[in-house]
Amino acid sequence: KNQVEQSPQSLIILEGKNCTLQCNYTVSPFSNLRWYKQDTGRGPVSLTIMTFSENTKSNGRYTATLDADTKQSSLHITASQLSDSASYICVVSEKGWGYDYKLSFGAGTTVTVRA
Amino acid sequence: GAGVSQSPSNKVTEKGKDVELRCDPISGHTALYWYRQSLGQGLEFLIYFQGNSAPDKSGLPSDRFSAERTGGSVSTLTIQRTQQEDSAVYLCASSLIGNSDNEQFFGPGTRLTVL
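The listed protein sequences correspond, in order, to chains B and R.
Each residue of the first sequence is one higher than the one before, starting from 1 at the first, in my numbering.
Each residue of the second sequence is one higher than the one before, starting from 1 at the first, in my numbering.
Don't take each hint at face value.
[What the hints assert, rightly or not] A short, non-exhaustive set of chain R residues, derived as facing chain B with CB atoms under 10 Å: (1) Y35; (2) E44; (3) S58; (4) Q104.
[What the hints assert, rightly or not] Rough simulated footprint, nothing fancy, chain B against chain R, three-plus residues with beta-carbon under 8 Å: (5) 37–43; (6) 106–112.
It should be emphasised that the hints constitute simulated quantities derived from the structure, not laboratory data.
Heads up, the beta-carbon is just placed ideally off N, CA and C, and yes, glycines get one too.
All chains should be built: construct the whole structure from the sequences, respecting the hints.
Printed below as a string of structure tokens:
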């Protein structure tokens, strides 16, 4: 069964500090991995997407890495801001032909940034 | 519209009642998805539409759940004889076409509470 495990489940950091979230997956065959940010009461919004050949992808203060050999990804938040408080969800896409594919979602890491 | 919209944003119902949840996808998006998000859990796939047809209904948890899509646009998710375990946030997403390379854009969700 395809699985996506995220850690930690939650974390609290001070404004301005950095943090790193982890994602391990067993999805096969692999197509791509996305990190989503979900603010409270809102739908998830895509931050980054990486395919098999990509090792790192940045979006502002968010940097995602991917090691397709070990099936691990991380999301690094630099110089955190209060607006970074949200749930971060790792989503792995199984490679599909035509319309036949499935997404596997991690349970998310809840990040709380405090002033 | 500018994004995926869902209504209502919140729904409280009594056990045994039927509920209808609505999703308006981004204009021009042919693929539409329904997910369920329970507290502390990852998103759970329910059903996928390509146009008005549903090639994948594998995620519907029971025959009390059904969904339809009309005109290749609006979709409704119906839950009959609601149970307390149906309480969750129901998220709708749409993408330009249904393959693993296309980002899914999520709506804000409908929070369903079954008393």
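Verification of the hints:
no.: 1; hint: Y35; verdict: holds (8 Å)
no.: 2; hint: E44; verdict: holds (8 Å)
no.: 3; hint: S58; verdict: holds (9 Å)
no.: 4; hint: Q104; verdict: holds (8 Å)
no.: 5; hint: 37–43; verdict: holds (count 4)
no.: 6; hint: 106–112; verdict: holds (count 4)
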